[in-house]
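**Q** Listed below are the residues making up each chain.
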Amino acid sequence: MIVNELSKHFGTVTAVDAVSFRIEAPQMVGVIGPSGAGKSTMLRMINRLTEASQGSIRVNGRDILHLKGKEKRRWQRDCAMIFQQFNLVPRLDVVTNVLLGRLNGHSTLKSLFSIFGKSLVEEALAALDRLGIADQALQRAETLSGGQQQRVAIARALMQKPKMVLADEPIASLDPLSAEKVMTSLREIRTRDKLTVICNLHTLDTARTYCDRIIGMHKGRIVFDAAPAKLTPDVVRDIYGADHALDESVTSTSIGERSAGADPVASDVKMAS
Amino acid sequence: MTADTIQLEIIAMEKRRKLYSTIGILLMIAVLASGYGLASSMNSGSFLNGLEKFFDYPGEIVREAWEAGSGFFALVLQFLPALIETLNIAGAATLVGGAAAVVLAFLGSSNLGVKPPVIISVVRRIMDSMRAFPELIIALFLIFILGSSPVPAMIAVAFHTAGALGKLFSEVNENADAAPIEGLESCGANWLQRMRYGVLPQVLPNFLSYFMLRFEINVRASAILGFVGAGGIGTELRRTIGWGRGAGDETAALFFLLILSIFAIDQLSSFMRQRLVSGKAGS
Amino acid sequence: MSGSAMTIGSREHSAAGLGVYPVVRRNSLLIIAATLAVAAYLAYVFVAFDVAGLIAKAQPMRATLLATDAVAHKVHVTKFFRGDTQTVVAVEGERTATYATPPDWVRIADNTTAVDLGGGYRVEIKDRQLVMETPDFGPIRATVTGRGVVTQLPEGQSAPEWLRATAAKFDARPTIGRRVQMSRTRVEVHRYFGGWENFFFPFRSELTAYSPMEILRLAFSPERLQADTPNWKLIGHTFWTNPDWQHGHVFIALLETFLMAILGTATAGLVGLPLAVLAASNFTPSQILRLAVRRLFDLLRGIDMLIWSLIFIRSFGLGPLTGALAIAFTDTGSLGKLFSEALEGVNKQQMEGVRATGANRWQFYRFGVIPQIIPVFISQCLYYLESNVRSATIIGALGAGGIGLMLVETMNTQRDWENTLYLIVLTIGLVMVMDTLSGKLRRRLIQGR
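Residue numbers (our numbering), protein chains in the order written: chain L, 1 to 273; chain P, 1 to 283; chain D, 1 to 449.
By construction, these hints were calculated from the structure, which means they are not laboratory data.
Heads up, the beta-carbon is just placed ideally off N, CA and C, and yes, glycines get one too.
It cannot be assumed that every hint is accurate.
Unchecked claim - Going by beta-carbon spacing under 10 Å, a handful of chain D positions derived as facing chain L:
1. V20
2. Y21
3. V24
4. T35
5. L421
6. V425
As the list claims (entries may be wrong) - In the DSS-like style, the derived pairs of lysine-lysine whose C-alpha atoms are separated by at most 27 Å in a straight line are:
7. L:K110 x P:K115
8. P:K167 x L:K72
9. L:K70 x P:K115
10. P:K167 x D:K348
11. L:K68 x P:K115
Start from the sequences and build out the full structure, keeping to the hints where you can.
**A** Written as structure tokens, this is what we have:
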């Protein structure tokens, strides 16, 4: 995948400013940067949820930004997306939510009547099983905890049989324990399925722990793009701005640290388990 | 200085408000009194005369029904098909109109990614004008073209229902959470699939609740439209009432059927709506 | 907190994990069954209402005629064969709208009347014979003889489908806007013109000749058309009493309908509110009283507007009072129920606060309850007013009067559809104005003043 001079303007504001990078072999890319740096917008442009203003994204030689209609939707299926707020259908049961990952390619009429074949259901159950939540298959999605819902979302992404996975702040709303499970699952997609995973993260240590490569963004531009080992305090200052407190613990979510305390529910869960 | 003026201002404002509300109430009473005066003078029968006669007619009907004895229930049974026809007019009209309303509502909601956006405002205008057309006018017009039959009433009621429910449905749609829709879009689901799974499960309980309420309203409307020639219980009523004296027992039987069914539907619909709103419905 | 419960649950489910597919399939079967049930019901209604037969019997031609007639007017050229054989040219064939000198498309000379219908269509009537010329068809002759009406088509041509010729009647309508009829007693030629004729002033009025601008100037001119009345009064009166359109009567009918709606709704609101207090559990401790009032609400609603109207028409006769009372009775039930639900939902703290200041009972209601209930009250009343304008037209049609009754009557006479359309436009206009007004007021109320 070759991203070239990708930009997005909202009115006079430039959210993403001529971003270029390329991903050759499957790898896990962590995108870090302060909020408002354009990380989400970039991922959303790759998935075509947001239209790009300029630039191109070439995958196997064709510019996916110019795809329309059916081909665009096919591309969206190929690059599965995971959201901070899970974006599941809360009133539907888990297995149906996972099945919805395959709506593309399913006939519209069949999907209107909720007709899914046995093999599809088995595939969905396998995906759920892989994430350890096959037992909740018939529960309504809204009754699950945040971490479980995010794993349902990952199962849905797997159901898409994607060629790459985009994750937009997948653990920002989760307690540390769930966050770890979710990140491990994403890492597994990279190692086991040999897929590229691009993951927006707001914590440096998570990015360091799980990613092969880190892209740092600041005000819509890429200011860093290298292996995690090269992420020196100077670079971090460039990414997060000079006046930003550079104590890494501020941006950390390792278990037992401050962000756990910030979420009372999360700490409750931890104590109970 | 400022505190004093503020206090004075507040007192003045209080006084003004009191004055306004007194004027408002007096105005309302005046309007009502003069309105009734005007209405009474326009009426062919006078108010006081009418009051005296108010119980005559119901009394007469009840007496005749009483005299009919067990024959009354035979009459009730005899009119059952007419009631069913009225219920069918309402039922079919609510279903057809409701289905049209769902389509209109999805096309007329601003948050569902309908393209091009012109469709949204056009569909909204369509819904507004469908709502504005009184059922009576459509029914009369269609009776003229199609002849006396339940179908004109059904079309008329369905037409109005599509507009009225469409507006309510689109308001529900516009309050729907965007996250599930976005989630499905990111999977490559097409527009219909996004509506079916991203929106419908969220809005269905509210849709059903409005649907029930509308069915109740439509039963009443169908009965009334029967009176202008659209069939069902209304047509029977016009016949028995048109006969003047002598058909009081039949009229009573019809009233009895109508009141009973409206009462039953009213209770059923409020029971079901309560259940739906309290969130027990699946999808 | 749910963590441990879930692990236990998973053991139990594992065996049943295979049971997922049947559930998914059952869901889809349920959806299909529901769809089929609806379709089956509609099919049943389709058969029960005999829709197929209805479509076969329908007269779509009526719709076209009606549509044409509603937006156009026709001028009749009539010639009688018996009695006074003079040719008469009149708008809609009405005696009050007869031309003193025929318009230029009708030429009358001796015993020949030539009518130019425009577009190459011409009719010539001489004695008891007519000759009709059309652009794409040869001349057609029709003669009244002792055996009836005899029609002669041009040689070698068969009758066109727009012609119906029998011994009793010759009826040709080559286009919607042109019609020629001949019977033993007379010939009648119709030519349609767009627009509503004599909408403002009657045909005979001297005002008809003036343009709108001239009318406006006349209205303020000191030179009087009639010595005893000022011009503006004359113009107003002529318009108001126009016999073809009856603007005055129509206006009064509209007013009646409006009165029914507004009086009925206001009464229902004002009676419903105190009753609602009696039905609300947090204001009325007595359960018997509460139940009694609630059943009263149910009864008022259950009897329904139709029955109330019929009862009131019997006792009060025709008129807005009847309609107003029918609406008031039904909606006291509906509004009362709504208000009592709203009252049960009021904020207790605010009420307690007012009570704590030592307010007496009336002050307690005035300051603790009314401010909370008033937005619901007004917005529901407006909403009901909106729908009651529609109801009032229907009640009117049942016999209570107003625009509804007028509409039914003009429709039943089936003569002047332009009048019907006029009434329809006015009714929809009234409904739309009320909808918009009440919608605006309600929105303002919800957003706060």
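**Q** Work down the list of hints and note, for each, if the structure agrees.
**A** Taking the hints in turn, this is what the structure says about them:
no., hint, in the structure
1, V20, "holds, 5 Å"
2, Y21, "holds, 5 Å"
3, V24, "holds, 5 Å"
4, T35, "holds, 7 Å"
5, L421, "violated, 42 Å"
6, V425, "violated, 41 Å"
7, L:K110 x P:K115, "holds, 24 Å"
8, P:K167 x L:K72, "violated, 32 Å"
9, L:K70 x P:K115, "holds, 15 Å"
10, P:K167 x D:K348, "violated, 34 Å"
11, L:K68 x P:K115, "holds, 14 Å"
When each numbered hint is compared with the structure, violations occur for hints 5, 6, 8 and 10.
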